[in-house]
Amino acid sequence: MRLTPTQMAWRAAQDIEDGAYVNLGIGLPEKVAQFQPPGRQAIFHTENGVLGFGEAPPAGQEDWDLINAGKKAVTIKPGTAFFHHADSFAMVRGGHLDVAILGAYEVAETGDLANWSTGPRGVPAVGGAMDLVHGAKRVAVMMDHVTKDGKPKLLHRCTLPLTGVGCVTRIYSSHAVIDIVQGSFVLREKLAGLTLEALQAMTGATLHTDGPVADLIAPEL
Amino acid sequence: MDKTLPDLASAVAGIEDGMSVMIGGFGGSGSPIELIHALIDRFLATGHPKNLTVVNNNAGNGHVGLAALIEAGMVAKLICSFPRSADPVVFTERYQAGEIALELVPQGTLAERIRAGGAGIPAFYTPTSYGTDLAAGKPVEEFDGRPYVQERWLKADYALVKAHRGDRLGNLTYRMAARNFGPLMCMAAKTAIVQVSAVVEPGAIDPEAVVTPGIFVQGVVEVANPVQEEDLNRANARYPEAAA
Numbered sequence: 272m273r274l275t276p277t278q279m280a281w282r283a284a285q286d287i288e289d290g291a292y293v294n295l296g297i298g299l300p301e302k303v304a305q306f307q308p309p310g311r312q313a314i315f316h317t318e319n320g321v322l323g324f325g326e327a328p329p330a331g332q333e334d335w336d337l338i339n340a341g342k343k344a345v346t347i348k349p350g351t352a353f354f355h356h357a358d359s360f361a362m363v364r365g366g367h368l369d370v371a372i373l374g375a376y377e378v379a380e381t382g383d384l385a386n387w388s389t390g391p392r393g394v395p396a397v398g399g400a401m402d403l404v405h406g407a408k409r410v411a412v413m414m415d416h417v418t419k420d421g422k423p424k425l426l427h428r429c430t431l432p433l434t435g436v437g438c439v440t441r442i443y444s445s446h447a448v449i450d451i452v453q454g455s456f457v458l459r460e461k462l463a464g465l466t467l468e469a470l471q472a473m474t475g476a477t478l479h480t481d482g483p484v485a486d487l488i489a490p491e492l
Numbered sequence: 099m100d101k102t103l104p105d106l107a108s109a110v111a112g113i114e115d116g117m118s119v120m121i122g123g124f125g126g127s128g129s130p131i132e133l134i135h136a137l138i139d140r141f142l143a144t145g146h147p148k149n150l151t152v153v154n155n156n157a158g159n160g161h162v163g164l165a166a167l168i169e170a171g172m173v174a175k176l177i178c179s180f181p182r183s184a185d186p187v188v189f190t191e192r193y194q195a196g197e198i199a200l201e202l203v204p205q206g207t208l209a210e211r212i213r214a215g216g217a218g219i220p221a222f223y224t225p226t227s228y229g230t231d232l233a234a235g236k237p238v239e240e241f242d243g244r245p246y247v248q249e250r251w252l253k254a255d256y257a258l259v260k261a262h263r264g265d266r267l268g269n270l271t272y273r274m275a276a277r278n279f280g281p282l283m284c285m286a287a288k289t290a291i292v293q294v295s296a297v298v299e300p301g302a303i304d305p306e307a308v309v310t311p312g313i314f315v316q317g318v319v320e321v322a323n324p325v326q327e328e329d330l331n332r333a334n335a336r337y338p339e340a341a342a
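Residue numbers (this note's numbering), protein chains in the order written: chain U, 272 to 492; chain D, 99 to 342.
Hints were generated in silico from the structure; no laboratory data involved.
Which stretches of chain D does chain U cover? Using the computed rule of at least three CB atoms under 8 Å from a CB of chain U, they are:
| no. | region |
| --- | --- |
| 1 | 118–130 |
| 2 | 185–191 |
| 3 | 196–205 |
| 4 | 220–230 |
| 5 | 265–279 |
| 6 | 321–331 |
Now the stretches of chain U that chain D is said to cover, found in silico as 3 or more residues with beta-carbon under 8 Å:
| no. | region |
| --- | --- |
| 7 | 355–363 |
| 8 | 398–404 |
| 9 | 423–434 |
Glycine is no exception: its CB is placed at the ideal position from the N, C-alpha and C atoms.
Required output: the full structure, derived from the provided sequences and hints.
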């Protein structure tokens, strides 16, 4: 019993307002763009310098001057804007984005995020991860609730190298929607068949409630 | 005044051993492949330049462009944000063998350090990297109750940049997302060399459309139909071809 990654993307998309400026992290968060509710149009930002880009072109029609931060080909559409990298990160750090949705290895109840390094081995690479966690009005993460071997990824404190301190505001996990409020996990939604006790047992810090907890529901996708 | 250069070889002729070279591009988009390959040609013919410090967002992909520059053994240090790619084998092997130094910089900090270098701002404060390993040893100061990390400007001896059109005075336009680091690197380098698809007469670019004003550009060379790194990699290309 869990949401699939695609269902997590669908759930995250439901919270994006019409007209919001949104950055979607490389990989799974990119799927969020597919599930905008009817009647709402968000404007997507990509770090390499495009605002309001369109969908991927058909294979064979790529223009490699027109890519996203994941280095995949995108398209322009009416209203697209290009800009250089310093302007792009001014949009990020300057508080101009409404929402950033990122992946996560670990999140702490303090809002600390670890999503760039799994430790000292290999070649370190950070890209825009440390910039994106600052400036957006809401910084949400999409993540499995536990590791492949069942250990909590929502923790009292992160164990992996940090991407940012106190930056995450909402978690869309495979099992729950959780806000971070003044250094605590506050449960908003959980899978209907999952007891609070069972969810708590999968979570590395105390889950608080400050009102009714809704069922976490997503369509079959 | 005429900043056009006759060919690629003369465009890269001034780069000497030990210099710092900013290379434009984000992945393949905006990568000045022909200028990089001209620099490799010079090294293969003369043994120079070597021990370069290169600034780029990435560390090359496959065996062309920046990856080929590293593979040729010309790069002593790389300053970048994301030294991974679809095929990062060249950089990865050199790095793990201790043959190339890496300074890892968050992407937005890298862009702003370059901008600051070009704008005469020696240091600035950013929220990025506060509380992380990448802020180690850097001064931290609070502004309006929030902590910020001090970062220093980044300048270079040369910039190699790809733009779309350039006039004889060095005014430039770019093509779509290939703009990325180009305007910043032109500002931050003592000598900015730009390859353009078309050199045009002054006046042919609408002044309202100029992205990089010519004051930031020292040389323009025409490469009429530039290759794309992605296309080269899909064809499993190597540079130089003889190394295959």
